[in-house]
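K.L.:
The listed protein sequences correspond, in order, to chains B and Y.
Its first residue numbered 1, the first sequence is counted upward by one per residue in our numbering.
Its first residue numbered 1001, the second sequence is counted upward by one per residue in our numbering.
There may be inaccurate statements among the hints.
Derived DEER-like restraints, expressed as beta-carbon distance ranges [as the list claims (entries may be wrong)]:
hint	chain 1	residue 1	chain 2	residue 2	range
1	Y	LEU1079	B	HIS76	39 to 47 Å
2	Y	LEU1079	B	THR20	27 to 35 Å
3	B	GLU5	Y	THR1086	37 to 45 Å
4	B	TYR95	Y	GLY1063	37 to 45 Å
5	Y	VAL1113	B	LEU70	40 to 48 Å
6	B	GLU60	Y	THR1070	34 to 42 Å
7	B	GLU54	Y	ARG1044	23 to 31 Å
8	B	PRO40	Y	VAL1012	14 to 22 Å
With the C-beta cut set under 10 Å, the calculated list includes, among others, these residues of chain B facing chain Y [unchecked claim]:
hint	residue
9	GLN6
10	ALA10
11	ASN24
12	TYR28
13	GLN34
14	ALA79
15	LEU89
16	GLY104
No lab work stands behind these hints, which were simulated from the structure alone.
Just so it is clear, CB atoms sit at the ideal spot from N, CA and C, and this is done for glycine as well.
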Amino acid sequence: SQKIEQNSEALNIQEGKTATLTCNYTNYSPAYLQWYRQDPGRGPVFLLLIRENEKEKRKERLKVTFDTTLKQSLFHITASQPADSATYLCALGDYSSASKIIFGSGTRLSIRP
Amino acid sequence: NAGVTQTPKFQVLKTGQSMTLQCAQDMNHEYMSWYRQDPGMGLRLIHYSVGAGITDQGEVPNGYNVSRSTTEDFPLRLLSAAPSQTSVYFCASSYSIRDTEAFFGQGTRLTVV
């Protein structure tokens, strides 16, 4: 069955360092991949989308890569700040059906001052 | 512009009771969906709609009904609540069914006792 794994449940990073989160998938050939941020008690908020024919996307301090051979996406936050502390979700989708959008369980990122 | 509004934010039900979770969006989005989020698991798609009068099942539809009489509203009905339906429910909308960002509501935390 289709499966998404996000590298760990929690990640602790020193402020100013680069945080790198991993999203691995199996038994799926997604057309695109999204990253969302979720704060406690809130709904997810969209951050970035990358398509299968794109290797890398950037937005301010955020960078996403998508390797369809390795079946992996990396999400980087450079110059991390305590305000970046949140849970980050990856989601995969294809163009055939909305029911094939799959979310990972998320990685809780903590940035310590 | 309120985005996606969900009510109520919290609800406790007794086993066997029924209720409706409300969802409304003011962005004129055609695509709306309902997810549930359980600890350690990703968001799982319950039902979705690609426009008024059109709905379809997602990954975990059993025990839930939906209807879409207007573009703005997409209520989720629990027919006979069970403890297994204890979860956080999120409504989302997007401009398109494919590779566009989803806007999520703040969620409804439901407990079935």
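K.L.:
Hints first: check each against the structure and report whether it holds.
P.N.:
Hints versus structure:
no. : hint                            : in the structure
1   : Y:LEU1079 x B:HIS76: 39 to 47 Å : holds (44 Å)
2   : Y:LEU1079 x B:THR20: 27 to 35 Å : violated (44 Å)
3   : B:GLU5 x Y:THR1086: 37 to 45 Å  : violated (25 Å)
4   : B:TYR95 x Y:GLY1063: 37 to 45 Å : violated (29 Å)
5   : Y:VAL1113 x B:LEU70: 40 to 48 Å : holds (45 Å)
6   : B:GLU60 x Y:THR1070: 34 to 42 Å : holds (37 Å)
7   : B:GLU54 x Y:ARG1044: 23 to 31 Å : holds (27 Å)
8   : B:PRO40 x Y:VAL1012: 14 to 22 Å : holds (20 Å)
9   : GLN6                            : holds (9 Å)
10  : ALA10                           : violated (12 Å)
11  : ASN24                           : violated (13 Å)
12  : TYR28                           : violated (13 Å)
13  : GLN34                           : holds (7 Å)
14  : ALA79                           : violated (24 Å)
15  : LEU89                           : holds (7 Å)
16  : GLY104                          : holds (5 Å)
Violation of the numbered hints given earlier is confined to hints 2, 3, 4, 10, 11, 12 and 14; the remaining hints are satisfied by the structure.
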